Amino acid sequence: MVNSADAVVSNTSMSGTSSLLFRVLKTIGSIAITMLGLLLVTFIIGRVMPIDPVISIVGERATKEVYDAAYLEMGLDKPVLVQFLYYLSDVLRGDFGISYLNGAPVAEDIRRVFPATLELATIGTLIGVIVGVPLGIVAAVKRDTWIDQVARVVALVGYSMPIFWLGLIGLLVFYGILGWVGGPGRVGIFYVDVVPSVTGMILIDSALDGQWDIFRDAISHIILPASILGYYSLAYISRMTRSFMLEQLNAEYITTARVKGLSEWAVVWRHAFGNIKVQLITVIALSYAGLLEGSVLTEIIFSWPGIGSYITTALLSADMNAVLGGTVVVGLVFVCLNVLSDLLYSFYDPRAK
Amino acid sequence: MTLLDVENLCVKFPTRSGVFDAVRGVSFSLGRERLGIVGESGSGKSLTGRAILRLIRHPGVVTANHISLEGENLLQLSERQMRKVRGQRISMVMQDPKFSLNPVMRVGEQIVEACLQHEKISRNAAKLKAIEMLEAVSIRDSERVFNAYPHEMSGGMGQRIMIAMMLIPNPQILIADEPTSALDVSVQTQVLGIMDKLVRERGMGLIFISHDLNLVSAFCDRVLIMYGGRVVETCQADKLYEAKHPYTQGLLNSMPRLDTPVKRLQVLKRDASWMDGDIASDSDASGKAIGRSV
Amino acid sequence: MNQENILQPHRTGLRSWLTADVPTSRAQARASAWYHGWLEFKTNRLALLGLCILIALVLIAIFAPLLSPHDPLAQQLSNRLQPLGSPGHILGTDSLGRDILSRMIYGSRITFYIVGLVVLIAPVAGLLVGTVAGYVGGWADTILMRITDIFLAFPRLVLALAFVAALGAGIENAVLAIALTAWPPYARIARAETLTIRSSDYISAVKLQGAGAFRIITRHIWPLCIASLIVRITLDMAGIILAAAGLGFLGLGARPPSPEWGAMIAEGRRFILDHWWVATMPGLAIFTVSLAFNLLGDGLRDLLDPKSHGK
Amino acid sequence: MSANSNRHTASNADPGSQSGNAIEIADLSVWFGHGADRVDAVKSASFVLPRGASFGLVGESGSGKSTILRALTGLVKSWQGTMLVNGETLGRKRGKDFYRQVQMVFQDPYASLHPRHSVDQVLSETLSLHKFGDINDRVEKLLTDVGLGPQYRFRYPHQLSGGQRQRVAIARALAPSPSILLLDEPTSALDVSVQAEILNLLTDLREEQNLTYLMVSHNLAVVGHLCEQIAVMQNGEIVEILPVEDMRQLKSSHHYTQHLLEASMGYKST
Amino acid sequence: QQVQAATPKDMLVIASRIDDITTFDPAQSFEFSGSDVIRNVYGRLVNFNPADLDAGYEPELADSWTVSEDGKTITFTISEGKKFHSGNPVTAEDVEFSLRRAVLLEKTPSFILTQFGFNKDNVEQTIKADGNTVSIVTDKKYATSFVLNCLTATIGAIVDKKTVMANEVDGDMGNEWLRTNSAGSGAYKVVSWKANESVTLQANEDFHLGAPAMKRVIVRHIQESATQRLLLTKGDIDIARNLNPEDIAGISDNGDLKIHDELRGRLMYLSFNQKHPILSKPKVVEAMKYLIDYQGMQDSFLKGQYTIHQNFLPATYLGAIDDKPYSLNIAKAKELLAEAGVGEFEIEAGVREAQERIEIAQTMQNNLAQVGITLKITVGTAKQILTRYRARELDMYVGAWGPDYPDPQTNAGTFAFNPDNSDEAKATGLLAYRNAWSPGALGEKTSLAVTEGDVDKRRQMYEEIQREFLQVAPFAIMFQKIEQAGMAKSVSNLVLGGAITAASYWPVTK
Ligand SMILES: Nc1ncnc2c1ncn2[C@@H]1O[C@H](COP(=O)(O)OP(=O)(O)OP(=O)(O)O)[C@@H](O)[C@H]1O
Ligand SMILES: Nc1ncnc2c1ncn2[C@@H]1O[C@H](COP(=O)(O)OP(=O)(O)OP(=O)(O)O)[C@@H](O)[C@H]1O
Ligand SMILES: [Mg+2]
Ligand SMILES: [Mg+2]
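Protein chains in written order, with my numbering: chain A, 1 to 353; chain B, 1001 to 1294; chain C, 2001 to 2311; chain D, 3001 to 3270; chain E, 4001 to 4510.
It is worth saying that the hints were derived from the structure and are not from the lab. There may be inaccurate statements among the hints.
[As the list claims (entries may be wrong)] SDA-like mimics (lysine to any residue), calculated; alpha carbons at most 25 Å apart, straight line:
hint, chain 1, residue 1, chain 2, residue 2
1, E, Lys4234, A, Ser227
2, E, Lys4234, A, Leu172
3, D, Lys3141, B, Lys1129
4, B, Lys1127, B, Leu1116
5, D, Lys3077, D, His3130
6, B, Lys1120, B, Gly1155
7, B, Lys1197, D, Glu3262
Treat the numbers as computed from the prediction; the structure is a model and nothing was measured.
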């Protein structure tokens, strides 16, 4: 009788396993739907742009015959739906067409530029997390003290000073004047093309190859742009951490933890922080995705051949295949990150099981 | 023998419209006995408990002439020393189990944590102790509960877990804030039995906060009746029905009783004079102020 | 609970009318609620500071012609890139010899225009989508949230460019484009909030009065979602201003010679090593505005958050 | 189960009321979720409430008491069985007409009022939803009916005590002048002194407006005070329906009821 | 303090904006950065000597040439002993193949050849190898200088037939392979190209002028001027090619560096759409030319990088003149406007998002405002603005024009030639057409000039055309580009190609 309530509880937790399959299917379905929608929108954008895709390929001085031939070859005479299906089947085969801008297959370009961004964004996010989370926590614990205010201003500067400003000043100071870090580019000029590209990420490639000189050089090149991106995401991460923490620190279970005689450290980290992990994961995933979208200006300032400047350059020169290809890849990564953060969510939060 | 002696305890909260006195000069002493505190909602029962453990957070301010635990004034302890008192010497069962357990930590982990905090034993030993304790508060499926998360527990189980967690370091004093409100009547009996045993066999001091006058009069040795942040009356529990204070009488009369039906219930007529009475007003409270406890 | 002190001595004057424990009319109740909010807000020094900065900026924007020492558009090629503190140009001059201070003063108008419009559009759109998805649930939820995901997954610039390509360039369209890319996060927040609100008793209670979904969403759910949205918006403020500048790069933002702050930064970027103030001064202006919004936002959150009224 | 056989006793027990039944429930089952997640919260419950009656539902926590009320008001959609209100069979959808007859008061006064709406807003919105005229006068009358003066009219929930909030919730339920009031543990979140006020208020209202009450509570004393008949629930089923007199004399045929009654007589120190 | 990093002695590292490269196939490449690479990789029949650009074209892969009586056939004798990178000798067959290929592929720059009447169907007859000679037959008589100048263009590069055809895919004549590889006889070969990142060239030790001193040339894509400057001052690069005037000024007193100025062929101009009812009035156009602050801009934000030039042939081109009749004169402009009888009006200018052009537009806006004309500036991406320009939708355009090949026809044929001004003609390649301007008799003179065999006469004709153009055309040509490259002191002999060709790396020493 007493334990009838307990029985109900165990009953619901048992049903968890069978619903797991359902959840996985549902997740896959929602990825598929989102990606389809994304492709549809990219396709529509490609059509909406007041730019003649044929001219982009054949050049503006092409004769009428050349133009018409290309027009037919691109299937532009077919109904829009058919064109979309063509587009869809191309994309599913990993074919994003040829970049008008550099003549290379877009997929190949993306294989080259995306790892560069991935490397930069990952280290940037790591920095943002390693600094931003403790900063947010300290700000919350010391709420309304000067520490909190300093943390706030530090974060806001990261947010509102244009990133190229920070980038250039950073370059001037740490590269130009102090010489602590490597200059723009991913590695020094001597090392260009030395390590075989396996993952496309120089840090990993050089480590795999045992080229520790190059590895060090690559580190010295990546550290500044990554710190600047890290600073940017730090701003967001620390603010969100602070507000999550404040909510937890007012919770009743924190008092319980104190009643047990736990130290402040244990109360804050083991208890309060344990409860915001889940929310933080979402925030970090979002900010990581934002960095993966490429921070155009940072990439430009640091001559970092990443996907952000790739898409932007393509946009500026109306290279729609490249734009759409880049968009689809960024979108896919984004959706995957989203799913991943959901998975981590259910891993970390017992209530989500 | 007196375990705890509280004199002129005040808790204040600054608000926009001036300072709000939540507890106004409460004094009592606790021996190895069961002391009940009753009173209406908001009368300062829980705050009194928390203030003893110095758990009132900024901007709340606690003052008292002294809160002495076996002669040692808790108000003068450093935060570090205070942590040694909490849990080990004075423990408190929080009012709302739903919010008082960490939702992302396994129940067992939370109990073990409390145990390890004050006792240098191995993790395994702590686990055994924890399971034993869970069984003591009549949780049948203790292994499963040990590995469960709080949200998988019903309100009543949560309350028992809370009690187990607070009893495991063997405190000298237990403050139990409405520990049985979510319990089925039969489980309630068992849980009260455990506390009763600890008081009688180990000489623990128990502060038992409750709404339920019937329960308090049946279970406790002495009862404090609080109203508006003050203790308006203290009496022997079995003499509760003879209490003289109009507020206490009012409370008793306003309860519907299964055995003696009435057409209309008596309603408490609050009297402004109950707010201040024979007890010293807070203006002359000379206790040491703690700017910010915890 | 404390007893209600009904028999409070009657005081006179506006203040006592505002602080009356027992308002006698709807208007008084509302005014009193605002006044109490103000009193509480006032205790938050930093929020007050943010408000003051913003008011000052609004005043600067309004009285720009009176305040600016020069015509913000007047060029003087022979007098370009003057440093800080040069006579007549406290903040120096830009590449075409225009007074930076005057341009910043006039630029505040455009900044407020952009910020105002985006704030009017993006959170409202996000609120609408998020609350409908959260409240209605089921298919509507799935569809709306997938759409939100799609927009969220899109690189902002691409989306904005496509949008402007469809509508034509110009600051209004640029603002619309920013709004279009900014709403999805708001929608997510609003949805999460709605999910917790929709199962609460007070929503059940209005349902029991036969209220329709529209009424419940607009009258009952929206007011509660606003607090968390405000925090998010104020955090995004700098991003919004800078995004407008970013669109300027693509030729979608303010038209030259308009002294839009972001555009000024973009212009000054060429000289950053030798003439750092050209880009830095408008950068500081953006920083100030976003700091002000941020401080204000934190204050408003405390004020609007129903949890802070717990007792 | 004895529930079905007790059905007629229930309607016979109230000879003084007008003809017809306010609520008739037969074979009501309610469940949540589906597949492996399915929880059967109520299993073929049946009972009848004559007009003007006051009926109590008691039982252990999680036994489905609230769920019955929620199914009746249409807040829970997954149910099976027959429900009749004032002689009319209920479908899946409830119109405004239904809500003019049946209203509900929730357990937690802290959760049942919108934190940003003043008392005035709450009441006048309800009134305007039901297309009443002279809203101003009605709001004042409702407030006086539940024993709150007009001075509370423009307050926000956080300016009210729990008991006052519960009065507002009752006023809201009374606004459409319903004939049936469903009460889900209306006093369990309040302390005894306030509980007494609310219970008295409910008694008075019932007398004045000839209301029918269906009340859920886990406190037998409260139910005993307000109701003439009670149904005891355990694990989704109604195990017994008995008049309140029998309950007072601890006369019950079901062992769970017996246990419940005994335990509620209070703690006996061992 | 760390030691100044320095690039190796035999390596040349250049920072430049190379995001315009699409291919290294000379039959297709039509961008600045591409032609820099191709000039160093491929030999041509005739070419410019970097040491003396003014001398005009000189023999390279051809030893000599003869022109037939009717002036329609030119026969080249191919020099012996020159080799491609592959080791294959350069033969007449390769020349025939390269030129035919350029026509057959029909890529954008093919017009440079097809304007002589070559097409898909007739290349078999018109471009023919015979022993060690190659003859080309034009459809009518053209100035020999015109034809040979065109052959110095990128499209005239001679590719290694065997290597290219070995890499043919689907009948593309090696187009895809040549995109990223090279098969030339020039001083360098392409090692790698990563779009938007870098191009690496390796010296050809067998180069017929001797092995270049720089064994490796790396061109890195660095977008920002400030970044280029930092790299240069740190010694991580040898040459920075895109420094803006402020950064040039910033490094001017750096003892380790020097600044190399070279006049290039690019012109900056304003044009006025003749579809606009007011702008089509000759007096209004003239007034516009008086409303430009040539001097002011040259001395401020364009400082050192543009020089005033008001004619459509860049200085150093055949027939270029140095007349500068216009300067800022508001009073005169007002007068002219009054004469034309126009009051206040509003026009829209299209500008692409390049800062200097936006500033030119703003200066213009400022001056126009003084005579009551409102200028609305629409900034957009290059593609957006060009699309509207081509569709003749812009009232005013702030443009830049670089010659396609080093012959006066390249600019005359676009600025002053527009045989069919109707909307249906869609001659969007012609600047005159884009501004809806019909040059009338000027157009005919232009056509005549290309067939004039006598060089002096031809020069005179162009001078005449330009003088008239200056008066009547709705174009206000303003500036000619000066490229300012910042470089390490030690770098010498770099030639960027002047107005007529691209950069040459082989003479460079360090
Ligand atoms: N942090 C706080 N700030 C301001 N006032 C507070 C705070 N915490 C509690 N109070 C007020 O102090 C008074 C006493 O609270 P307390 O929790 O001690 O009541 P209680 O007697 O335990 O009531 P209940 O029976 O409802 O638990 C209440 O009026 C409450 O509103
Ligand atoms: N939304 C829901 N989804 C799933 N299960 C639910 C839901 N609401 C209630 N239940 C389950 O239905 C059963 C009956 O719940 P109900 O709220 O009716 O109990 P109750 O008798 O009112 O209990 P209490 O006295 O605690 O209020 C419980 O086991 C509960 O867990
Ligand atoms: Mg309490
Ligand atoms: Mg219930």
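Hint by hint, here is what the structure shows:
1. E:Lys4234 - A:Ser227: holds (21 Å)
2. E:Lys4234 - A:Leu172: Holds. E:Lys4234 to A:Leu172 sits at ~10 Å (cutoff 25 Å).
3. D:Lys3141 - B:Lys1129: With Cα atoms ~61 Å apart, D:Lys3141 and B:Lys1129 exceed 25 Å; violated.
4. B:Lys1127 - B:Leu1116: Distance of about 10 Å is within 25 Å: holds.
5. D:Lys3077 - D:His3130: holds (23 Å)
6. B:Lys1120 - B:Gly1155: Answer violated: B:Lys1120 to B:Gly1155 is near 32 Å, above 25 Å.
7. B:Lys1197 - D:Glu3262: Measuring from Cα to Cα gives roughly 23 Å; hence the hint holds.
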